[in-house]
Amino acid sequence: MTRIDTTFAQLKSQNKKALIPYVMAGDPGPDSFVNLMHDLVKHGADMIEVGLPFSDPMADGPTISLAGERALAGGTSTRQAIEMVKAFRETNTDTPVILMGYLNPVEIIGYDRFIGLCEEAGVDGILMVDLPPGEAGTFTERLANHSMNEIFLLSPTTLSERRKQVMTHCSGYIYYVSLKGVTGSASLDTDAVREQVQKIQSETNLPICVGFGIRDGDSAKAVGEFADGVIVGSELVKHFAELTAQSAPSEIALAQAKIMAKMDELRVALDLLV
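Residue numbers for the sequence shown follow the numbering used here, so the first one is 463 and each next one is one higher.
Treat the hints as calculated values from the structure; they're not laboratory data. On a predicted model such as this, the values are computed, not experimentally measured, just so you know. Heads up, the beta-carbon is just placed ideally off N, CA and C, and yes, glycines get one too. One thing to keep in mind: the hints can contain errors.
What the hints assert, rightly or not - Pair by pair, the computed Cβ-Cβ distance ranges are:
no. : residue 1 : residue 2 : range
1   : E582      : L734      : 20 to 26 Å
2   : Q476      : S664      : 39 to 45 Å
3   : G578      : N554      : 20 to 26 Å
Unchecked claim - For lysine-lysine, the following DSS-like pairs were computed, each having C-alpha atoms within a straight-line distance of at most 30 Å:
no. : residue 1 : residue 2
4   : K720      : K661
5   : K700      : K683
6   : K474      : K683
7   : K661      : K504
8   : K474      : K504
9   : K504      : K548
10  : K683      : K724
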């Protein structure tokens with residue numbers, strides 16, 4: 463079992479739902495990012511999705527796209543992002559870390575080298591937004607051979623053939639995109655999401671985690687009633703919007719305090735479901 467599998471098994475035994483924050487590696491600056499990861503765990507994160515900065519993020523809305531721009535401007539590369547995970551692992555060997563990004567930087571590094579770097583750093587899962595399961599080739603198997611899960615997205619518009627391919631290739635958990643749009647989109651139709659998630663649950667034993675649209679405790683609690691976990695990104699990342707890598711430590715600390723207050727709100731809401 464991977465760390466992701468173990469964590470979901472533990473949560474299920476406790477009748478709890480996973481809280482999975484998304485943050486962009488190196489945002490707002492590379493020096494503060496590892497501490498941010500540790501703070502997320504202290505405030506209830508069961509796993510952490512770490513974004514890999516990329517210049518053309520097709521699935522990301524303005525908030526996450528700007529986070530990627532800040533990270534790139536601060537000098538964070540894919541290799542450096544992986545090094546940040548490795549630094550996190552020096553004192554945290556339990557919390558699963560999933561890298562979420564786009565395929566181009568991976569192809570530049572090389573698949574085998576990328577997988578080797580991730581394994582050495584203690585990465586637990588990979589989600590490549592623009593790598594369809596039908597084109598993943600042996601990538602899924604190679605990740606499994608190195609005790610890593612390959613995560614895939616499903617959305618309200620996913621065609622049945624691709625849905626079947628996701629069920630075949632995906633491991634760890636399925637990331638269900640709750641909205642027709644990019645990250646940070648506005649409205650969340652909980653009833654529609656419930657219907658789709660329950661349909662997916664009838665087709666697979668994998669945990670289903672819902673992202674795109676979790677904004678507050680109410681939405682987290684509503685989704686947590688039927689999903690195995692909630693993923694929150696833009697609502698956290700937005701607090702770094704006015705910062706740069708050169709921002710004063712006091713400004714960064716204030717922004718992080720707002721993120722942790724949001725994490726506490728979401729954790730409390732999910733724990734009320736127990």
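Going down the list of hints, with the structure as the test:
1. A beta carbon spacing of about 39 Å between E582 and L734 contradicts the range 20 to 26 Å that was offered as a hint.
2. Take Q476 and S664: their Cβ atoms lie about 24 Å apart, and the range 39 to 45 Å is violated.
3. Remark: the range hint 20 to 26 Å for G578 to N554 is upheld by a beta-carbon distance near 21 Å.
4. Distance hint between K720 and K661 is unfulfilled; the C-alpha atoms sit about 36 Å from each other, more than 30 Å.
5. Between the alpha carbons of K700 and K683 the distance comes to roughly 21 Å, so the proposed pair stays at or under 30 Å and holds.
6. Using a Cα cut-off of 30 Å, the hinted pair K474 and K683 holds, with the two alpha carbons roughly 16 Å apart.
7. This hinted pair does not check out: K661 and K504 have alpha carbons roughly 34 Å apart, beyond 30 Å.
8. For the suggested pair K474 and K504, the alpha carbons sit about 20 Å apart, so the restraint of at most 30 Å is met.
9. Between K504 and K548 the alpha-carbon distance is near 18 Å, which keeps this suggested pair within the 30 Å criterion.
10. Distance restraint check for K683 and K724: the Cα-Cα separation of roughly 13 Å lies within the 30 Å cut-off, and the hinted pair is therefore satisfied.
Comparing the model with each numbered hint stated earlier shows that hints 1, 2, 4 and 7 do not hold.
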